[in-house]
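With these hints in hand, go ahead and build the complete structure from the sequences.
Protein chains in written order, with my numbering: chain A, 1 to 100; chain B, 1 to 165; chain C, 1 to 532; chain D, 1 to 478.
One thing to keep in mind: the hints can contain errors.
Here are a few chain B residues that face chain D, going by a calculated C-beta distance under 10 Å [stated by the list, open to error]:
1) 95
2) 98
3) 102
4) 104
5) 133
6) 135
7) 137
8) 157
9) 159
To be clear, the hints were calculated from the coordinates, so they are not data collected in a lab.
Think of the CB as a built atom: it goes at the ideal place given N, C-alpha and C, for glycine as much as any other residue.
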Amino acid sequence: MIPVGYFFSLSIVLFVLGIIGFFVKRDLITMFMAVEVMLNAANLAFIALAKAAGSPAGQVIVFFVITVAAAEAAVGLAIILLVFRQKKSIKAEDMRLMKG
Amino acid sequence: MGIFLFFLLAILCVGGVLGMILSKNQAHNALFLVFAFACLGGLFGLLDAPFIAAVQIIIYAGAIMVLFIFVIMMVNLEQGISPEKKKWTLGLSAVLAVFLLVELGLAVRGMLGSLGRTGGPSIGSPTELGRLLFTDYLYPFEITSVLIIAALVGAIVLVKKKEKE
Amino acid sequence: MSFPILSFVTFFPVAGAVLLIFVPKEKTNLHRYLALAFTLITLVASLTLYFHFDGAVADPQFVEKSGWLGYGINYHLGVDGISLWLVLLTTFLLPIAVLSSWTSIQKRVKEYLIFMLLLESGIIGVFVSLNLFLFYVFWEAMLIPMYFLIGVWGGPRRIYATLKFVLMTMFGSLLMLVAIFALYSFYYKATGTYSLEIFDFYKLILNPQVQGWLFLGFALAFAIKVPMFPFHTWLPDAHVEAPTAASVILAAVLLKMGTYGFLRFALPLFPDALERFLPLLSILALIGIIYGGLMALIQKDIKSLVAYSSVSHMGLIMLAVFSLNTEGVEGAIYQMLNHGLSTGALFLIVGILYERAHTRLIKDFGGVSSQMPVFSAFFLVCLLSAVGLPGLNGFVGEILCLFGIFKTSQLQAILAVSTVILAAAYLLWMYQRVMHGPITNEKIRSFKDINKRELGYLVPIIIMMFWMGIYPQPFLRKMDASVSRLLDRVHNRERIFLRETSQTTSLKSDRAAEAEVDQTAKKILAELEEKR
Amino acid sequence: MDGLASLYPLLAVVAGALVVLLLEVFIKKEKRDYLGYVSLAFLAAAAYLTVSSWNRELTYFQGTLSLDNLAIFLTLLFSLAVALVILLSLKYIGQQDANHGEIFALLLLALSGLMIMTSSSDLLVIYLGLEVLSISSYALAGLKRRDEKSGEAALKYFLLGSFASAFLVLGLAFLFGAARSTFLPEIIVHFGTAAAPSIMGFFGIALILVGFGFKVAVVPFHMWTPDVYEGAPTPVTAFFSVGPKAAGFVVLLRVFMNFWDTVPSSSVIFWALWAISALTMVVGNLVALRQTNIKRILAYSSIAHAGYLLVAILARDYSSLVFYLAAYLFMNIGAFAAVIGLSKTGTEYLELDDFAGIGFRYPWIGGTLTIFLLSLAGFPPTAGFLAKFYVFSAAVRAGLVPLVVIGVLANLVSVFYYLRIVVYMYMREPGREVDIEIENPALFLVLFLCLYGVLQLGIFPGNILIVIKQAIASLPVF
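Here you go:
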């Protein structure tokens with residue numbers, strides 16, 4: 001009998017860790033991994049809240065989010081490969097062709 | 001027992017993510033992440049979502065992370081060791097993160113009590129999820145097909161080797 | 001429905017511009033003749049306005065009204081005794097402007113004439129719109145052709161000048177737009193119906209606090225356009241850089257949009273706020289008079305001299321407007337026409353000199369009159385008209401203005417007289433340096449006297465100057481009714497009080513109800529007079 | 001089968017994408033144009049199917065797909081936008097080394113994402129639609145595969161886009177936790193009935209705002225915009241500046257339309273939006289002043305326009321919002337079309353210096369670009385003016401006077417940089433030799449269509465306004 005709030009709090013912690021990772025890491029692949037952490041944190045929140053609500057709908061939504069994550073991963077990694085072929089680098093500091 | 005398992009998995013999961021953030025080797029990062037996601041799958045199980053737990057492990061730990069590792073292999077591991085950001089950006093992001101965490105935590109604190117506890121009637125049976133998927137959530141389910149087409153086309157067009165002449 | 005003469009006058013030049021787009025670029029002369037034809041036809045059409053205008057009626061005439069976008073945005077045109085003259089001034093000056101640029105504009109003639117024609121439509125539209133939305137559309141739209149005229153065909157610092165002109169004007173007009181929105185919403189809240197009709201807004205009663213803000217919004221836009229003293233900085237730049245014809249239009253007509261705006265909107269819409277700001281505005285106008293005059297004295301460039309003289313003269317006009325009596329306002333309107341003619345003519349004359357000498361610096365001239373006797377006569381007449389010599393138009397206007405100002409404040413009138421004195425000083429001094437004395441610049445010996453084309457556009461102006469100087473009655477007569485209605489609106493506070501009590505009945509209704517209210521107001525006023 | 005009919009337009013578009021993909025395999029590289037024509041045909045079919053559903057209020061899937069009049073209007077608008085973008089791409093992809101037939105398929109898929117987003121009131125569906133749109137967009141941005149800028153654009157778009165969508169998912173979770181549903185009407189009902197102010201609900205809305213803030217590029221979340229706009233192939237940039245932004249705002253419209261009625265307008269969310277709107281208008285316009293690349297200028301201008309659009313949301317005047325979107329479509333695609341016109345094989349002229357003197361050299365491109373820029377700056381008698389007029393007058397009516405004053409002053413700043421482009425085109429002597437390939441009938445078709453749109457909406461928008469007002473009026477109020 002674990003309070004659902006614990007899960008929810010954990011999801012917030014993970015989400016914030018994901019944000020930190022996104023800003024701290026310097027290589028593109030790990031930055032993307034950090035985004036995946038954020039998505040998973042949100043999934044955990046969903047499932048926790050679904051449990052609290054006693055409705056399975058939240059779990060179905062998580063199913064969709066995982067699908068989306070997979071699709072994003074496919075395109076995202078393709079883009080990272082594309083950039084790697086062009087620049088022979090996947091460091092964030094090398095993405096400075098445009099001032100911004 | 002349950003609460004012990006929760007804390008174990010939670011600590012392992014957070015540890016995995018921290019490992020990903022702190023390690024400088026991309027391959028290690030990916031492994032840390034697989035580990036964290038597997039723990040997350042366990043947490044899903046604790047939350048009465050066995051089906052999602054399985055999906056999490058199969059798709060995330062299995063498919064997506066393999067894709068990551070695959071790409072990491074392709075882009076030459078030596079690339080991975082890159083200088084970390086300057087000290088002050090690190091400090092700044094830490095401060096910001098703590099701020100965000102405190103803020104979200106404060107906001108969430110009030111509603112934690114109302115969420116109840118695990119246990120009680122089971123909600124996440126695969127049968128139930130399957131039924132929902134093809135009734136209430138039929139439209140989103142169909143949209144995912146479009147989504148996957150888009151992802152396929154996008155990925156292929158970006159990395160296919162040569163134009164057919 | 002009779003022939004929509006106002007629409008015709010407003011949009012006929014646009015038709016000309018569209019036609020010009022499809023005439024091949026190389027046929028520059030065809031372009032010129034076509035543009036001239038279109039402006040002349042517009043002039044003739046606008047003359048019918050003059051002949052059919054009934055001076056005894058205060059309401060707008062030749063009204064055309066039809067729905068447009070809904071929500072109070074109507075297509076509503078009309079002229080009253082105030083705007084009629086400004087429309088005529090515009091249509092009168094446009095053929096002259098086209099003629100004056102016949103040879104001075106050699107590159108990109110087609111585009112130049114297209115913008116000229118668009119400019120004419122925009123300006124006329126400003127004067128004939130009776131719907132605030134329509135007014136604002138023209139007010140802004142007319143900036144674009146002017147922007148191009150200065151920016152493409154102007155002098156060396158044209159880009160700076162044209163951007164300054166557009167941005168300063170836009171600054172004012174955007175705040176005015178906010179004020180218009182506020183009026184729009186107040187009207188909606190008061191009556192439950194949408195309206196942007198100017199005459200509906202006249203009926204609106206606002207509390208003085210709100211009036212103050214709205215008045216500032218409107219007044220700033222118009223003050224920049226006039227331009228009144230602290231906002232005048234764009235004017236010399238724009239004038240110096242603009243090509244001759246654009247300077248003529250700018251000085252003669254565009255500035256009048258500001259004074260017209262004061263007369264049409266700022267004064268009658270916000271009488272309470274006006275009262276509060278009147279001292280400030282009068283002081284600014286006075287400063288403008290003296291500052292403009294002094295600056296004109298020290299200018300080395302003839303064109304910027306004329307530009308600063310505009311600042312000074314417009315100050316007088318504004319002061320006369322703020323005197324808020326019949327003489328002052330009629331004098332101001334009359335002086336607006338005079339200033340249009342005389343300053344326009346002066347810019348033309350500067351243009352003629354520039355075409356020959358390719359310089360505008362006073363020191364480069366001297367003894368021109370011996371080479372160009374006919375020209376010097378014309379120059380002198382225009383100059384004297386600007387100075388206000390009796391017998392010429394400037395005299396009538398200035399006297400009326402000063403008389404009006406005197407009625408309100410003797411001190412102001414005395415200070416305002418300095419316009420005349422300063423004008424005489426800087427203009428005659430300039431004339432003496434340019435036209436008389438020994439010929440220092442050898443180029444001047446090769447100057448030819450004015451040709452037939454130049455004669456062709458100067459003579460009509462000179463005729464008008466004499467006519468307006470000798471026989472001003474027809475002009476003033478057609479203004480009377482509208483001006484007294486305007487002053488009635490501004491002045492009679494009893495009337496406003498009356499409005500407040502009969503708000504529910506009068507606000508929603510049309511002009512008939514308004515006239516009724518006016519009637520009762522007049523009756524009450526008369527009674528009050530008797531009691532005194 | 002009334003319900004199924006509501007799915008037809010979407011099916012047509014997706015079918016179009018699949019057919020294009022199939023044909024792409026068989027068609028020769030030089031004949032890629034045909035793929036464009038095929039997509040146009042499918043777009044026309046989709047448009048026809050959409051129009052024929054007008055006023056029928058079709059719904060399907062328990063109301064998660066509802067083809068109401070607003071959705072129909074926007075679907076038409078988006079189809080038009082995509083059609084224009086396809087016309088622009090026909091020659092461009094061959095010229096600029098982006099010759100992949102998949103661009104048409106991806107555009108159609110992106111369109112299907114837009115359609116899904118605008119025709120639903122279920123946040124999950126909206127999220128999925130957004131992802132369809134985003135994933136196609138990421139690929140579209142990187143389509144110039146040999147261009148490093150294009151790759152960077154795709155990368156930045158992708159990283160920040162997925163970062164933002166994580167916020168969206170968390171926001172969704174919060175709202176789900178608060179209202180036990182992702183269906184907007186039920187969420188609004190939750191806000192209306194909750195005994196205490198729903199903290200979780202508010203946080204959910206805030207997180208969703210952050211997510212959408214990224215997508216529509218409002219100020220603290222705008223950093224990716226200029227780089228992505230600069231690097232992406234120009235027709236794709238034209239699409240980015242219109243499609244995702246418009247769809248994002250329509251979602252905000254659906255969220256806030258009933259939200260304000262249940263939540264007082266003095267709430268934190270209201271003032272947060274207020275501040276974001278003001279910041280967006282000011283920062284977007286000020287930063288645009290420093291740019292010298294036309295695509296970056298247009299990028300910042302599109303950021304600033306998002307600020308004006310937020311004003312409409314705050315003023316609760318949704319028909320003016322939709323009208324603004326329509327006007328914005330024409331003027332922005334038109335401006336990008338003119339920019340695309342200034343190119344030749346392998347080269348695009350995008351620096352301001354390249355624009356010197358082109359106004360007289362290429363009068364049609366210069367002239368139409370001038371009109372589009374004036375419209376963006378809000379000069380009458382163009383659509384841009386009328387759009388701003390409606391938005392700002394509604395805002396004043398709603399008592400947002402300070403915001404409007406900020407808005408018009410920011411607009412004044414924008415006048416400066418729009419006119420600066422005109423200055424270059426007409427008032428500077430030509431510098432670098434600019435010779436362009438003028439033969440491009442499709443481009444001129446787009447220019448004239450956009451010109452027509454800008455003037456029609458600016459002078460006689462009567463019918464379109466009526467249609468928009470009907471569409472808004474027919475939206476359900478919960």
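Violated hints - listed by number, lowest first: Hints 1, 2, 3 and 5 are the ones this structure does not satisfy, whereas the remaining hints hold.
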